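Enquirer: Which chain is which? The protein sequence lines are A and B, in order.
So in my numbering, spot 75 of the first sequence is number 75, and the numbers just go up one at a time.
So in my numbering, spot 133 of the second sequence is number 133, and the numbers just go up one at a time.
Please note: incorrect hints may appear among the correct ones.
Stated by the list, open to error - Partial list, computed: chain B residues near chain A (C-beta under 8 Å):
| no. | residue |
| --- | --- |
| 1 | 79 |
| 2 | 97 |
| 3 | 101 |
| 4 | 105 |
| 5 | 128 |
To be verified - Below, simulated PhoX-like cross-link-like pairs (lysine-lysine); rule was C-alpha separation at most 25 Å, straight line:
| no. | chain 1 | residue 1 | chain 2 | residue 2 |
| --- | --- | --- | --- | --- |
| 6 | A | 132 | A | 58 |
| 7 | A | 71 | A | 136 |
| 8 | A | 107 | B | 4 |
| 9 | A | 4 | A | 71 |
| 10 | A | 107 | B | 71 |
| 11 | B | 4 | B | 107 |
| 12 | B | 58 | B | 107 |
| 13 | B | 58 | B | 71 |
| 14 | A | 58 | A | 136 |
| 15 | A | 129 | A | 107 |
| 16 | B | 4 | A | 4 |
| 17 | B | 136 | A | 71 |
I should point out that these hints are in silico values taken from the structure, not numbers from a laboratory.
Note that the structure is a prediction, hence the values are computed from the model and not measured.
Ideal Cβ placement from N, Cα and C applies to all residues, glycine included.
Residue strings, one per chain:
2 protein chains.
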Amino acid sequence: MNTKWLNEVHWDEQGLVPVIVQETGSNDVLMFAWMNREALTLTAQGGEAVYWSRSRCKLWRKGEESGHVQKVHEMRLDCDNDVILLKVDQAGAIACHTGRHSCFFQKLLNVGSVSGVETNWETVEPVLKEPKEIYK
Amino acid sequence: MNTKWLNEVHWDEQGLVPVIVQETGSNDVLMFAWMNREALTLTAQGGEAVYWSRSRCKLWRKGEESGHVQKVHEMRLDCDNDVILLKVDQAGAIACHTGRHSCFFQKLLNVGSVSGVETNWETVEPVLKEPKEIYK
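Next up, chain A with everything else stripped away, as it sits in the complex (with noise of 0.2 Å):
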């Protein structure tokens, strides 16, 4: 495989990218992760999302526990060559750990207008199978 692409990353002093994941077709975002160069590689070459997790410090193969496997279709580097968006379809329709179709379901009410009133995140998604019966 060249590495020029590899290279135009500009990797944190971590040696990591952020990563927005983006459903095909419905266009919502799923999730935000995070990439070294050889999880990049890796989802590259298969076609399929591969992550560095950094609380556990190690490659995390989308879906290897929970089958909620992503399937690439396009990758995408912004401007500053420092965060990549990934579309993806979403195996399941579940990408979130909680169960839920998007990791954002935390909504905050009553944005713009926040001075006195009560304001807080609400959840406004649904979850669509019980994590006990995703991680057996």
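Keeping the supplied structure of chain A fixed, place chain B upon it in accordance with the hints.
Expert: Just chain B, lined up with the frame of chain A:
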């Protein structure tokens, strides 16, 4: 303003949180930026996106020079409380400093079959307005 919702956000070691910016309607991912506590507060209060510029180390009211302000329709927080998703109306339909609609205008060719062939990032989105016309 109550601060409970601000305290729910898990700020990183630099006191920042990554922000994904998505266009209302098209659902296009426009850009990626960072906020500190003050930027998030100002965004929620004013209803227009304010970021923290890591390169300039100061608050950055999106559109302050270009006029390409972002009116915030919705604000979401992810399952780990450490990434924000903004849904915005993009003034001028231009989010990128290069004069393009989105910052994610570089596409990787040949995803999933990059073993042998020459692969690279290719610019696939047009410049809608020349930067010298935007930043006078």
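Enquirer: None of the hints should be skipped; say for each whether it holds.
Expert: Verification of the supplied hints:
| no. | hint | in the structure |
| --- | --- | --- |
| 1 | 79 | holds, 5 Å |
| 2 | 97 | holds, 7 Å |
| 3 | 101 | violated, 12 Å |
| 4 | 105 | holds, 7 Å |
| 5 | 128 | violated, 14 Å |
| 6 | A:132 - A:58 | holds, 23 Å |
| 7 | A:71 - A:136 | holds, 23 Å |
| 8 | A:107 - B:4 | holds, 14 Å |
| 9 | A:4 - A:71 | holds, 23 Å |
| 10 | A:107 - B:71 | holds, 16 Å |
| 11 | B:4 - B:107 | violated, 40 Å |
| 12 | B:58 - B:107 | violated, 31 Å |
| 13 | B:58 - B:71 | holds, 20 Å |
| 14 | A:58 - A:136 | holds, 21 Å |
| 15 | A:129 - A:107 | holds, 20 Å |
| 16 | B:4 - A:4 | violated, 46 Å |
| 17 | B:136 - A:71 | violated, 43 Å |
When each numbered hint is compared with the structure, violations occur for hints 3, 5, 11, 12, 16 and 17.
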